[in-house]
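Use these hints to put chain L onto chain V, whose structure you have.
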Amino acid sequence: MREALLRSNDAMIAGVCAGLAAHLGVSVNVARIGMVGLALAGGAGIFLYGWLWVLVPTQEEQLRKGPTPVGPRLTFPKPPEQAEGTRAATTGQPDGLQNGTQSWIGKREVLLGTALLLVAAVAIAQQLGANLPLDTLLPVGVVAAGAVLAWTQLDESRRAGLMNGAGASQAGGLARLVAGLLLVTVGVLILVSGSIAWEITWSTLIATGAVLAGVFLVLAPWGLKFWRDLETERSGRARETERAEIAAHLHDSVLQTLALIQNRAGSEQDVIRLARAQERELRNWLYADATHQSGNLAERIRAVAAEIEDSYGTPINVVVVGDTELSAQQEVLAQAAREAVLNAAKHAGGNISVYLEAGPTGSTIFVRDRGSGFDPDAVPADRMGIRVSLYSRMHRHGGDVSIRSNAEGTEVKLVMPENVADGAQ
Amino acid sequence: MNTTQEPVTVVVVDDHAIFRSGLRADLDSRITVLAEAAGVAEAIATIHEHRPQVVLLDVHLPGGSGGGGAEVIAGCTALLAGTQFLALSVSDAAEDVVTVIRAGARGYVTKTISGAEISDAVLRVASGDAVFSPRLAGFVLDAFGTAAVASVDSELDRLSARELEVMRLIARGYSYKEVAKELFISIKTVETHVSAVLRKLQLSSRHELTRWAAERRLL
Numbered sequence: 000m001r002e003a004l005l006r007s008n009d010a011m012i013a014g015v016c017a018g019l020a021a022h023l024g025v026s027v028n029v030a031r032i033g034m035v036g037l038a039l040a041g042g043a044g045i046f047l048y049g050w051l052w053v054l055v056p057t058q059e060e061q062l063r064k065g066p067t068p069v070g071p072r073l074t075f076p077k078p079p080e081q082a083e084g085t086r087a088a089t090t091g092q093p094d095g096l097q098n099g100t101q102s103w104i105g106k107r108e109v110l111l112g113t114a115l116l117l118v119a120a121v122a123i124a125q126q127l128g129a130n131l132p133l134d135t136l137l138p139v140g141v142v143a144a145g146a147v148l149a150w151t152q153l154d155e156s157r158r159a160g161l162m163n164g165a166g167a168s169q170a171g172g173l174a175r176l177v178a179g180l181l182l183v184t185v186g187v188l189i190l191v192s193g194s195i196a197w198e199i200t201w202s203t204l205i206a207t208g209a210v211l212a213g214v215f216l217v218l219a220p221w222g223l224k225f226w227r228d229l230e231t232e233r234s235g236r237a238r239e240t241e242r243a244e245i246a247a248h249l250h251d252s253v254l255q256t257l258a259l260i261q262n263r264a265g266s267e268q269d270v271i272r273l274a275r276a277q278e279r280e281l282r283n284w285l286y287a288d289a290t291h292q293s294g295n296l297a298e299r300i301r302a303v304a305a306e307i308e309d310s311y312g313t314p315i316n317v318v319v320v321g322d323t324e325l326s327a328q329q330e331v332l333a334q335a336a337r338e339a340v341l342n343a344a345k346h347a348g349g350n351i352s353v354y355l356e357a358g359p360t361g362s363t364i365f366v367r368d369r370g371s372g373f374d375p376d377a378v379p380a381d382r383m384g385i386r387v388s389l390y391s392r393m394h395r396h397g398g399d400v401s402i403r404s405n406a407e408g409t410e411v412k413l414v415m416p417e418n419v420a421d422g423a424q
Numbered sequence: 000m001n002t003t004q005e006p007v008t009v010v011v012v013d014d015h016a017i018f019r020s021g022l023r024a025d026l027d028s029r030i031t032v033l034a035e036a037a038g039v040a041e042a043i044a045t046i047h048e049h050r051p052q053v054v055l056l057d058v059h060l061p062g063g064s065g066g067g068g069a070e071v072i073a074g075c076t077a078l079l080a081g082t083q084f085l086a087l088s089v090s091d092a093a094e095d096v097v098t099v100i101r102a103g104a105r106g107y108v109t110k111t112i113s114g115a116e117i118s119d120a121v122l123r124v125a126s127g128d129a130v131f132s133p134r135l136a137g138f139v140l141d142a143f144g145t146a147a148v149a150s151v152d153s154e155l156d157r158l159s160a161r162e163l164e165v166m167r168l169i170a171r172g173y174s175y176k177e178v179a180k181e182l183f184i185s186i187k188t189v190e191t192h193v194s195a196v197l198r199k200l201q202l203s204s205r206h207e208l209t210r211w212a213a214e215r216r217l218l
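As given, the protein sequences belong to chains V and L, one line each in that order. Quick note on numbering: the first sequence equals residues 0 to 424 in numbering that gives the first Met the number 0. Quick note on numbering: the second sequence equals residues 0 to 218 in numbering that gives the first Met the number 0.
One thing to keep in mind: the hints can contain errors.
Going by beta-carbon spacing under 10 Å, a handful of chain L positions derived as facing chain V [stated by the list, open to error]:
(1) Glu35
(2) Gly74
(3) Leu78
(4) Thr111
(5) Ser132
(6) Pro133
(7) Arg134
(8) Gly137
(9) Phe138
(10) Leu140
(11) Gly144
(12) Arg171
(13) Gly172
(14) Glu177
(15) Ala179
If you are wondering where the hints come from, they were derived from the structure by calculation, not from laboratory data. C-beta: ideal position from N, C-alpha, C; glycine also.
Isolated chain V (complex conformation):
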């Protein structure tokens, strides 16, 4: 799978190239050279870089937002210190903030050097006689500097690094905004006053457009930033709600059961029963997934087993293969299975295995216990349980029952085909 496009921490300026390289699966240097090449091609790279800087979140921002849920499966939120640990582990930084400050200082020198080199290049070109339109280049440079200053507001990690380094606060942000605004306005004014010689209509049009563009340039990042803050807060609140819900559920179920277990520590039977019931309930809550809707046969058999397990305290292990709709016939099967499990719990005790194999053509259930066994033919006629509940009921609906019993236990097999009795009835 391709890496998500995220700005990297391993950054020269804002981590765009490193992130892009990871996303595209090429080396960082290739991405950087490509970006420089694009920048030389009419400045396209600069625009692309700026655009990605603004729109692509950093790794930290993405982490703070939390991973996108893969499915309805519930995940417990990690306690804060653990979450912090995973973040450090993922980014590979023992102390992200400090490291960010250091790399920022390095970058500042790089930026300064680049700017000086540019100025030097311009000066040399001028000396060599190239006729550069300095009175246009200068204001454009000023506008660009102002815009960069304003847009850096958007970069949260950068701002954190800056604040940490300079001890700046909200006032620092405001000062940068004002400075950016001033620079852009001045630049635009110089640009426009330089072109005063043109026709009056033209210059008015350009001036208006330029000023508006300048203002938009400065205000847009603020709008974006507020919108992003809102998003962050909203997702944070959603997680908080989820956590509260989990806490409430655990309190109502698990803590209550633990208290009960402490009270009944003397009775092994009670403790086992409570623990199994709680495990079942918790598991059902955690893993209840959309593939098994209630009302199906498998769900019904599990509920039957759970009910009998609760009242008799014998562990009942249910294994289900496939599933089918709970039709009238399968309901009969479920009732017969209940009778069989009940008999096993009453007379045999110990572990009971229930195996359901269901499909579109019918269902088979095996109920096996480890009791001392009995002879099905020797059951007196007045014992209604097996005869009425199992044999006659199953036969009436087109199903079949067979019982095997020996000294090692008893196994009841219930077979119920689908769509046979439908035609008969």
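Same frame as chain V, but now just chain L:
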């Protein structure tokens, strides 16, 4: 299955100290516990150091990159020839088990298992056989399908009629011994069938299995 008198060497990996000491006390004299470990990295280091015959491995482990028991197995692939992994889980839910089996575990048992049963399971795994619980047999039947088999597909993608019978009986709660008696075959043959199924479960890329697992978000 226990032909040698030498006790089987075991490393116990579980993040709960109470459970580890309980398990240690439960294992009988045929088994020697060499060491214990509580996390993924510690487990990998301990297993490499002691080279046990069997690792009793909790499915849910802290540390590493969050992969739990499966990550431990992945970190010990070089030792898989001499070391078998028996997965332990709080319960035999599909979510817990299939990943660790696919990673290379030879079987799994639930933590509610009795001392005698877990000792038997350890010996069985040490001798190269697989340990299937009824629930795992149910997963296999669910994933590979219970329909009649024809050897059209790749051999890995289907269960033979005999393997299907064995899986069904295990899912119904039969022990290996009872399965052997029921099908009039030897226990050794039952073990062979179960090992074959385990291999298929680990190696099959059959799309039904993949889809089955994907629906339950297991792979």
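Inset, instruction - Compare the structure with the hints numbered earlier in the document and write down the numbers of the violated ones, lowest to highest. - result: Violated: hints 1, 2, 3, 15.
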